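Student: Take a look at the letters that make up each chain.
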Amino acid sequence: QQPVQSPQAVILREGEDAVINCSSSKALYSVHWYRQKHGEAPVFLMILLKGGEQKGHDKISASFNEKKQQSSLYLTASQLSYSGTYFCGTGSPGTSYGKLTFGQGTILTVHP
Amino acid sequence: DTGVSQNPRHKITKRGQNVTFRCDPISEHNRLYWYRQTLGQGPEFLTYFQNEAQLEKSRLLSDRFSAERPKGSFSTLEIQRTEQGDSAMYLCASSSPGGPWSSYNEQFFGPGTRLTVL
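These protein sequence lines map, in sequence, to chains V and B. Per our numbering, the very first residue in the first sequence carries number 80; after that it's consecutive. Per our numbering, the very first residue in the second sequence carries number 32; after that it's consecutive.
If we strip away everything but chain B, and leave its shape as in the complex, we get (with noise of 0.2 angstroms):
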């Protein structure tokens, strides 16, 4: 395992539809984060993990935007009815349990889903 992995790399979809997004978290991790970049900005938070249970919900993430994981490995983010304001980079990132310092470990990123809504 190398590290986060993200599929797909590159969604171009109509407004309007349905689009889903898949994150592989480093195998060890239980800590799973949800972020969306657009260009020149950096990541804002969108949802968190720990395990299987979504601890913490930004004000960012609409009705139409829906995460999971059901399982406590990979997660899912979905963003229903897409809008054109929903093109942006989606990255995914997951954190170690263990240690001292485990509230404050790294976060590991994916190289992300780039999502372009025509």
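Okay, chain V solo, but in the shape it has when bound (with noise of 0.2 angstroms):
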């Protein structure tokens, strides 16, 4: 089953922070962040692990609650080149490392 992201859409004016949900049903080991912009590739954002160690960039930042099965990614002070729709992509034991089974996506939209 692919995890459940929320909200589904969100709308920000420039400077406005936001949060973007990932929750699973599955026990997960990896929790990966992406953003794709209409038309383009998936760009990486960040990889968080269980055991809590994570990778990333700088200007993002994202938590995982192992026992949750839940991950957020926070975006604080959005710019417009923020806009764009996030993916969350998980990896479960028993799998391929990874293999991410990816969500269905949060639509975010920044306005000046």
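No wet-lab data here; the hints were simulated from the structure. For clarity, every value in this text was computed on a predicted model and none was experimentally measured. Hints may contain errors.
Stated by the list, open to error - Computed list of lysine-lysine pairs in DSS-like fashion (alpha-carbon distance at most 25 angstroms, straight line):
{"id": "1", "chain 1": "V", "residue 1": "K105", "chain 2": "B", "residue 2": "K88"}
{"id": "2", "chain 1": "V", "residue 1": "K138", "chain 2": "V", "residue 2": "K116"}
{"id": "3", "chain 1": "B", "residue 1": "K42", "chain 2": "B", "residue 2": "K88"}
{"id": "4", "chain 1": "V", "residue 1": "K129", "chain 2": "V", "residue 2": "K146"}
{"id": "5", "chain 1": "V", "residue 1": "K147", "chain 2": "V", "residue 2": "K178"}
{"id": "6", "chain 1": "V", "residue 1": "K178", "chain 2": "V", "residue 2": "K116"}
{"id": "7", "chain 1": "V", "residue 1": "K116", "chain 2": "B", "residue 2": "K42"}
{"id": "8", "chain 1": "B", "residue 1": "K102", "chain 2": "V", "residue 2": "K178"}
{"id": "9", "chain 1": "V", "residue 1": "K178", "chain 2": "V", "residue 2": "K129"}
{"id": "10", "chain 1": "V", "residue 1": "K129", "chain 2": "V", "residue 2": "K147"}
{"id": "11", "chain 1": "V", "residue 1": "K178", "chain 2": "B", "residue 2": "K88"}
{"id": "12", "chain 1": "V", "residue 1": "K105", "chain 2": "V", "residue 2": "K138"}
Taking the hints as your guide, dock the two standalone chains into a single complex.
Tutor: What follows is the structure, given as structure tokens:
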């Protein structure tokens, strides 16, 4: 089953903050976050691993609650360039490393 | 080398025809993935190679789909006897082998091949 993202869409003005959530019904060992602009390839933002390790961009933060099988992506002081669709991809025990199951996406629109 | 490349970028075909897509990963990356993405959805995993070995195939990959990576470099995805339901964006991604994070390295996506089956 694919993870569920919320909200489905969010509209912001420049400088406002947003939180995007990703929830899975399966145990997770990793959560990957990507942003995709219309007509372009998904771009890597962040990896969070079971045990608390993270790898990603300095300006983006995220959390991973292993027990609740949830992750949240925090976008602060949003810029116009943040607009796009955000996807979480999850890795679970019993699957190949690197095999990701993606959520349906959250559309973020930032207005001036 | 500036990233993952895919060819063609667009393909329009008639139902029942065969199509083949190519993916060239970032040169030092040993892992290569194929995904399918339909409008309004996230990418769906299709298959995964480590070097030339195909390690996992999704149940989504019916017998009409086949993927190869003969020399551990570029990969091809072939769809035989295309159906209208095959219309989608086919994305390729690659990731690097090294480092303590190797099993969890970020996947770099190509621009995709958009397939339209008439």
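Student: Looking back at the numbered hints, which does the structure fail to meet, lowest number first?
Tutor: Result: hint 12 breaks, nothing else.
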